[in-house]
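Chemist: Residue strings, one per chain:
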Amino acid sequence: MPNLEHPAYPAAALLHLESLVPCRESQVSMLLSIFGERQQFSFPSIFIYGHTSSGKTYVMQTLLNTLQLPHVFVNCVEYFSSRLLLEEILIQLQSCSSKTEQTSHVPCDTFNDFVRLFKQAVVSQELQDQTLYIVLDRAEQLREMEANILPAFLRLQELTDRNVTVVLLSEIVWELFRPNIGCFEPFTLYFPDYSIGHLQKILSQNHPPEYSADFYAAYINILLGVFYMVCRDLKELQHLAVLNFSKYCEPVVRGEANERDTRKLWKNIEPHLKKAMQTVYLREISSSQWERFQRDNGEPGQLKGLSAHTHVELPYYSKFLLIAAYLASYNPVRTDKRFFVKHHGKIRKTNFMKKHEKTSNHLLGPKPFPLDRLLAILYSIVDNRVAPTANIFSQITSLVTLQLLSVVGHNDQLDGPQYKCTVSLDFIRAIAR
Amino acid sequence: QQIREDLNKQLLDNLVSFLKRSYSELQEETTEWTCRMKSREIPTAALVLGVNVTDHDLTFRSLSEVLQNNITPYIALLEAKDCPGIKNLMQKLMGQLMNCCIDEDSLEDDSYVQVSQNRIRCSMTSLINWYESVTKKTDSVTLRKKRTSSSRHWQSPPVVVIFKDMESFTTKVLQDFIVISSRHIRELPLVLIFGIATSPMIIHSLLPHSVSSLLCIELFQSLSCKEHLSTIIDKLLLTAQCPFKLGEKVLQVLINIFLYHDFSVQNFIKGFQLCIVEHFYSQPLSVLCCQLVDAKKRVNSLSHDQCENIRRLPSFRRYVESQVSEKQVALLMSDNFLKEIIQNLLEDLHVYHENYVSVLRCLHVFTSSLPKYPLGKQIRELHCACLENQVWETEEYESSLQLARMLNKSDLVTMLQQCVEIFVSSSGKEFDKTVEKLKEFLTQFQKLEAEAFQERDVSVSSQKELQKKTDLYHLQKTLLELKESRRSKKLTKFEMLRFEVVDYIDSLVRNYLVPADHKTLHEIVYFNTASVLRGHLNAAPRTALHTALNNPYCYLKNQALKSDAGSISNKAPDICIAYKLHLECGRLINLVDWLEAFSTVVMAVEGPNADAASSDQVDDIIHARFIRAVSELELLGFIKPSKQKTDHVARLTWGGC
Chain A
1 MPNLEHPAYP
11 AAALLHLESL
21 VPCRESQVSM
31 LLSIFGERQQ
41 FSFPSIFIYG
51 HTSSGKTYVM
61 QTLLNTLQLP
71 HVFVNCVEYF
81 SSRLLLEEIL
91 IQLQSCSSKT
101 EQTSHVPCDT
111 FNDFVRLFKQ
121 AVVSQELQDQ
131 TLYIVLDRAE
141 QLREMEANIL
151 PAFLRLQELT
161 DRNVTVVLLS
171 EIVWELFRPN
181 IGCFEPFTLY
191 FPDYSIGHLQ
201 KILSQNHPPE
211 YSADFYAAYI
221 NILLGVFYMV
231 CRDLKELQHL
241 AVLNFSKYCE
251 PVVRGEANER
261 DTRKLWKNIE
271 PHLKKAMQTV
281 YLREISSSQW
291 ERFQRDNGEP
301 GQLKGLSAHT
311 HVELPYYSKF
321 LLIAAYLASY
331 NPVRTDKRFF
341 VKHHGKIRKT
351 NFMKKHEKTS
361 NHLLGPKPFP
371 LDRLLAILYS
381 IVDNRVAPTA
391 NIFSQITSLV
401 TLQLLSVVGH
411 NDQLDGPQYK
421 CTVSLDFIRA
431 IAR
Chain B
434 QQIREDLNKQ
444 LLDNLVSFLK
454 RSYSELQEET
464 TEWTCRMKSR
474 EIPTAALVLG
484 VNVTDHDLTF
494 RSLSEVLQNN
504 ITPYIALLEA
514 KDCPGIKNLM
524 QKLMGQLMNC
534 CIDEDSLEDD
544 SYVQVSQNRI
554 RCSMTSLINW
564 YESVTKKTDS
574 VTLRKKRTSS
584 SRHWQSPPVV
594 VIFKDMESFT
604 TKVLQDFIVI
614 SSRHIRELPL
624 VLIFGIATSP
634 MIIHSLLPHS
644 VSSLLCIELF
654 QSLSCKEHLS
664 TIIDKLLLTA
674 QCPFKLGEKV
684 LQVLINIFLY
694 HDFSVQNFIK
704 GFQLCIVEHF
714 YSQPLSVLCC
724 QLVDAKKRVN
734 SLSHDQCENI
744 RRLPSFRRYV
754 ESQVSEKQVA
764 LLMSDNFLKE
774 IIQNLLEDLH
784 VYHENYVSVL
794 RCLHVFTSSL
804 PKYPLGKQIR
814 ELHCACLENQ
824 VWETEEYESS
834 LQLARMLNKS
844 DLVTMLQQCV
854 EIFVSSSGKE
864 FDKTVEKLKE
874 FLTQFQKLEA
884 EAFQERDVSV
894 SSQKELQKKT
904 DLYHLQKTLL
914 ELKESRRSKK
924 LTKFEMLRFE
934 VVDYIDSLVR
944 NYLVPADHKT
954 LHEIVYFNTA
964 SVLRGHLNAA
974 PRTALHTALN
984 NPYCYLKNQA
994 LKSDAGSISN
1004 KAPDICIAYK
1014 LHLECGRLIN
1024 LVDWLEAFST
1034 VVMAVEGPNA
1044 DAASSDQVDD
1054 IIHARFIRAV
1064 SELELLGFIK
1074 PSKQKTDHVA
1084 RLTWGGC
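Residue numbers (our numbering), protein chains in the order written: chain A, 1 to 433; chain B, 434 to 1090.
Worth flagging that the hints you see were computed from the coordinates, not collected in a lab. Mixed in with the good hints, there may be bad ones.
With the C-beta cut set under 8 Å, the calculated list includes, among others, these residues of chain A facing chain B [what the hints assert, rightly or not]:
{"no.": "1", "residue": "Asn75"}
{"no.": "2", "residue": "Phe80"}
{"no.": "3", "residue": "Ser82"}
{"no.": "4", "residue": "Pro315"}
{"no.": "5", "residue": "Thr397"}
Even for Gly, the Cβ is constructed at its ideal location relative to N, Cα and C.
Input sequences plus hints: build the corresponding full structure.
Modeler: Below is the structure:
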């Protein structure tokens, strides 16, 4: 295990840092060597990427906080426009200065303004002798802002002529960022996924104080055994661990087993965890419901997930409209005459048989159809006569707002709008019953 | 008209109380969440409301009202059409939150208003700052007032954000919003409410797992709209308090629209209101359609013309014809005598309604549990059947009586008990006897049960005796006898009683469920012109357009336009001529041919004496008229320019509909 060593920082702080970021020692030491000493100029921009919850944000935050490096931390999703983003950086800059005077709001619309204001801010804080770090979390959002934002951030050191380093955190690789006009290439650093051993180590680290670390580690071991196949997200695993821990402790609390009795505990918890995987993990039922359920020790059948309520009540004609739409978008036009003209008696049956033969139509997805065809099919599948009233037309529109149908051709309403049916065969079957 | 307003109010009250009831549960849940705020998930309620989108507005309004009164002053209602991007969403959210806050604080100091009138930076940080300042202020206020008034709300009330129509929001906006707010859940206690019209699966299809894992979703199902409708019908139509009644056909139309088309309770109520308006507008005698006490007063002040109107009513004429001759004369000649009679008749009608409702409910108790529901599952179907004609003459009634005669005892007893409850709770005076009778039945049943017990005891003892005897032949014989006696004795008693009960119910039905149009003066309170209502509610734009263009006389009422179908008159407006001509063409229409036909029709007015030169050289004016007509048709959406062939237009409609 590489120990963190750096001449510029006190050893105690480094040790503390090491305990805070388990399994990320190599990345941290790499970062430290790039950062160099406080007053040294660093690499102008660093790009860090890795899968969801591989500790990018956490490592950056703890690193900058424990070593007390001046920094600005901004989430690009939260500040969704470039103006908001730039202003937020400036506000944080002002507030992290030693003098805590009431900062006034400065409008900052363009990057040019930003550079000017940034210089002022840095001068006023006498930060010139230290490297300032600007961390942009979820940097993939930058691509959707104005075209100049990303290249400008990458060259901020050069543009402002100050000691500043921009760190971009993202879940996607740098190749997808590179603008086609070309830009300054940042230093890229990859955070690999945690392995199962890493996960075990990290999860076991913060055990509840009432129980011993070994006991909790055994629990985590069982938990990982169930969930590792489906979920490697550290946050999610942590959440699940907290949720189900009380159930795990139950035999111990009741005195039926002691903490060493792993096998007995395993028997108790395993079916429970499997059930949790089917429900809570998929967010079929919420975690609060799950906790209440655990407390009451209720029957497993009581809780109905979100997917259990799939039945949709529709008005009579809406059902027919939807069925007609489905037929229209999955049957080719040329078969319409054969299916819906009422000369032969065998109309319906051939229709459904045909559909099953040709699954290729289902693989291709729904095709758009004009309004008139929909109405024609509707008239032929409804037994009694339907008057084409405004109610029918408004039902089509309301089906569109419910996202059961979708409009395809949209340029002009008078031009015969085209629709697509977006529901599945199962849904139609449920309705047709 | 005054009554109508009253009625509307009553209606809305009904609705709001109804909704409140269904959301009390939700409200409790929300208070519980506030305790759970420490968790990092955003508490979320998924509200499944059914497809009747038009009703949702009212629901949300009353929901936010309830929340505002009980839990938190900070509520924002967001609609998809206002929020195409995350920026608009934040703006809308902050605007609503800060506004509702200003309403609260405006009494205390105005300095806050000035702050919010500055250009707001629409971001979460400013929202959090705002929230902190507000809660701090209310804290200080509560401390100053020593928690006198504002203890109504929680110390740090949650901010409730309601998404009215989850389906129409774009995925990205929702995702971004949830991600942002989950980062700040500690500083800003946020509760989301999703209004869902279809099924909760939509959450999974809209939000990826990484986002939905930030939510703590609980599901709430609101009452289905069908149940909602039956409550409304129960409260409005099947009470004696509401003087206005719907005829059978009208009710059928309204219910059909509801079931076939939109499931919208609001539209049902609107239709009902339309009926009221139409009734008061078209029926001159509707002044008498009010509470009984008022009606009696109004009868006294009737003018001579109004009396004549009453005499002209068909139901009243029937009544007069059934009287003796001198009374007939008195009725027809003397206004005062007429008024007295009318008062009596109105009272009769009122009593009839009271009785009708309770007997109807009673009958419903019986029929609703029968297999296959010969008279319908819902009370509204029964109501319609009773209004339509004499219900005891229908086949369904026969079969349901047959079935009722086969009910088992426990069912029968519970039904009778329910009937007793209905009659006791109803205000009709004539039902004392009925209740007594029913109670008598009940006691008889109980007696029967006791007897049965005794008999069983007897049989048990006899069986004991049997066990002593070992003779096989005797055993068989006595067993047979026993069986025989049991069947013939006990069951006949029960059956007889059962027949009695069913017959009694039948007699009740025959007495009280007479269809309303057999009653004298029913025209006053019943609205029965379904065709008018259908015309108003079932708009058919295509048909209307077609008739207008095909038969302009229908709307223009110009004698010159009156013509038999098929022929094309040249006096009709140009567009009508062009329309009729285009009906005869195929998918692609040649403009030149069309113009030629058009000019032929128009020229026919000059008659055959028009010279030959003008026939092949079309007049400029006619040309212009033709172009105008064609472009009008294009505007109406009947044709569109086509690129397949030059000088052709494509037809868009196919006359059939």
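Chemist: None of the hints should be skipped; say for each whether it holds.
Modeler: Hint by hint, here is what the structure shows:
no.	hint	verdict
1	Asn75	holds, 7 Å
2	Phe80	holds, 5 Å
3	Ser82	violated, 12 Å
4	Pro315	holds, 5 Å
5	Thr397	violated, 10 Å
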